[in-house]
Amino acid sequence: MKKHLLSVDDLTTDDVHTLFTTAAEMHDVQRRQVKKLPALRGRTVINMFFEDSTRTRSSFEIAGKWLSADTINITGKGSSASKGESLRDTVLTVASMGVDALVVRHGASGACQQVAQWIDAVVINAGDGTHEHPTQALLDAYTLTRRLGTLEGKHVVIVGDLTHSRVFRSNVACLTMLGAEVTVVAPPTLMPSGVDAWSASAGFATTYDLDEVIDKADAVMMLRVQRERMSGGFFPTGREYTVGYGLTRDRLARLGPDVPICHPGPMNRGLEIAADAADAVQSAILEQVSAGVAIRMSVLYHLLAGEGAV
Amino acid sequence: MTEKTDPILIKGASLLGERTADVLVVDGVVAEIGTPDAAGARVVDADGLVLLPGLVDLHTHLREPGREDAETILTGSRAAAVGGYTAVLAMANTNPVTDTAEAAERVLDLGRQAGLVDVQPVGAVTKGLAGEELAEIGLMARSRAAVRVFSDDGRCVHNARVMRRALEYVKAFGGVVSQHAQDPDLAGPASCCHEGELSGRLGLPGWPGVAEEVIVARDVMLARHTGSRVHVAHASTAGTVEVLRWAKAQGIAVTAEVTPHHLLLTTDLLAGYDPTFKVNPPLRPAEDVEALRGALADGTIDAVATDHAPHARHDKEHAFVDAAFGMLGLETALGVVATVMVESGRMGWGDLARVMSTRPAQIAGLADHGRPLAVGEPAHLTLVDPAAAVVVDRDSSVSLSRNNPWHGRSLSAAVHATLLRGVPTVLEGKLA
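From first to last, the protein sequence lines stand for chains A and B. First residue of the first sequence: 96, per my numbering; consecutive thereafter. First residue of the second sequence: 630, per my numbering; consecutive thereafter.
Chain A on its own, in the form it takes in the complex (with noise of 0.2 Å):
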């Protein structure tokens, strides 16, 4: 495994299994009454959120508490420019202070990428603007493959602000590397620019016609549409954007009731994903975010402890 997790690229389908298994140890443990595992102690973790986050905060927070690292949390917001300190200033800073791990939300694509270059300890990489969320992507494929036993050969539809959201690219690459085939679905004010060279060379599919794939899905991720794109122009209203991408009550009747449901959340109820959908038997949700917590250890002790037992 490579020394950083910046992006899933960094990863090799092997590296994916590896984490995989060892995520589901972790898993176990987690249903454990006591959930503390020796593997990082006396390790220094820091999260560096220059973004707003709850879920993946805390959730990297639990996985290093629960392997014994001493974890800390930074937040700032905003850019370190409007700050007056140089982005380089400010993670030299905090790396000066003797830590093993960073991990690292920015609200600028490539921030983790940047930062990985100038300091010595490992870089996660828990978000960085539109760009990559790879442990995102690496729960969301340790669910599915938990729920459908395999990738292999399964239709993932993925649907949303595909332009503005990181997890559909860390997703995208994640899910055709475990050997999915997957379908991405937004209007086309919220395709990503060069979609049509990208999903070529990428090999994912394609449209702006979500009830033209949702019969033949295997596996649904809706993902989050912020409001205020309507104001960008993105789409007229939420109504408009529901009919045509949301996944509403008459489309769940159309999925199979073995379909998983995905959603990174925060959930616009009712704008992307209706709530009898979110609270569907078969949604997988919150199976998400405990997978979250299995699969941030499984990357912390990798990265931090080596190979090896745990």
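In case anyone wonders, no lab produced these hints; they're calculated from the structure. All values derive from a computational prediction rather than experimental measurement.
Chain A regions said to be covered by chain B (calculated; three or more residues, Cβ under 8 Å):
(1) 182-192
(2) 203-212
(3) 222-228
(4) 282-295
If you want the ones that stay clear, here's a sample from chain A, every Cβ over 12 Å from chain B, calculated:
(5) Ala119
(6) Ala134
(7) Ile157
(8) Glu247
(9) Glu307
(10) Ile309
(11) Ala369
(12) Val384
Cβ pair distances, simulated, as ranges:
(13) Met362/A <-> Gly901/B: 32 to 42 Å
(14) Lys160/A <-> Gly901/B: 25 to 35 Å
(15) Asp291/A <-> Glu871/B: 21 to 31 Å
(16) Ser973/B <-> Asp147/A: 47 to 57 Å
(17) Asp374/A <-> Lys756/B: 52 to 62 Å
(18) Lys756/B <-> Lys97/A: 48 to 58 Å
(19) Asp291/A <-> Met850/B: 26 to 36 Å
(20) Glu1057/B <-> Lys178/A: 44 to 54 Å
(21) Ala801/B <-> Asp304/A: 54 to 64 Å
(22) Ala1017/B <-> Thr108/A: 41 to 51 Å
(23) Met325/A <-> Gln742/B: 51 to 61 Å
(24) Lys172/A <-> Gly695/B: 20 to 30 Å
For every residue, glycine included, the Cβ atom is placed at its ideal position computed from N, Cα and C.
Keeping the supplied structure of chain A fixed, place chain B upon it in accordance with the hints.
Same frame as chain A, but now just chain B:
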């Protein structure tokens, strides 16, 4: 302007790469060409070197006043001289902005004090570059600085009414508006990566070529309507080239420049999120680069201009979208153009002189620069070693800044000497 200078004999130079002769320079002018008798003259051995008229840069950011930690008029003048330039146009987006006669004269005077190149101020089109009210264009034109080129560079004059008035107004004194073509509704301040597959993959805010092209298209129509002269700064797309070609065929008074970086560097360099390659307009795909090269060779694009944009190191050490736009260019421009256009056989040295000296001087209204290599002309001269193979080292730059996208690249020609009014500013590639 003629002053006493020591006689210099440039011996054995190839004039524009076309014919070999000795050139005698006396008192700031070319005194004789051929085999002059020059006893007592200082001899510059130019065997194997190409002699060009001194280069003229239509687009330089010297950062003084305001950001003297990134560059000063003196250090920028040094970089210009080392790059073979004898005149540079200093952009107005300093702090304070060059939007008054006093500010323009101060830039002129600081340039004269430095004494390495003629520093000609560009005046702002609008007060404070705000795009709303015209700056004191007429007073700048009437000042000692005799400003003729006006630009809000860094920002687009996007209001069509303001642009129309500016174009009309500069007609009174033969001025030109140099437009930074960027429709802010199509490419906002965060836009930093050519919009395409790479921006989609990297998740960087896209800067589509059309944001430039719609402004260029509008401006050439405004130039036609007003009968005025517009200049397109840093043209970067094939679509802009098409519009320029059409407009010139109609006889519209439009000129355009291209930067060295848009002639060679491509958008894929952004894949590693290195802010060294963040520039505005952004690096484009190879198809655009090819269109720009073709347009430069056939005259659709008139000039090469550096858009030399020094930045303090810490202003580039932010996340990519937060880092400053711009890259160094003065010291490497000739090497890049020689490599891309001359070595490839697409242009001769005479063509290079046209796009890096003659046309820029004409566009800027600099009567003394960009002159033919002929007896009686001002001795603004650049000697180039066309066989030099130089690996660019950012640490050897005389600029105060290090945001050098050419670091580590091999360029196939180098400036050997530069003469400003007959006085060497650079000899053997080093400041004299």
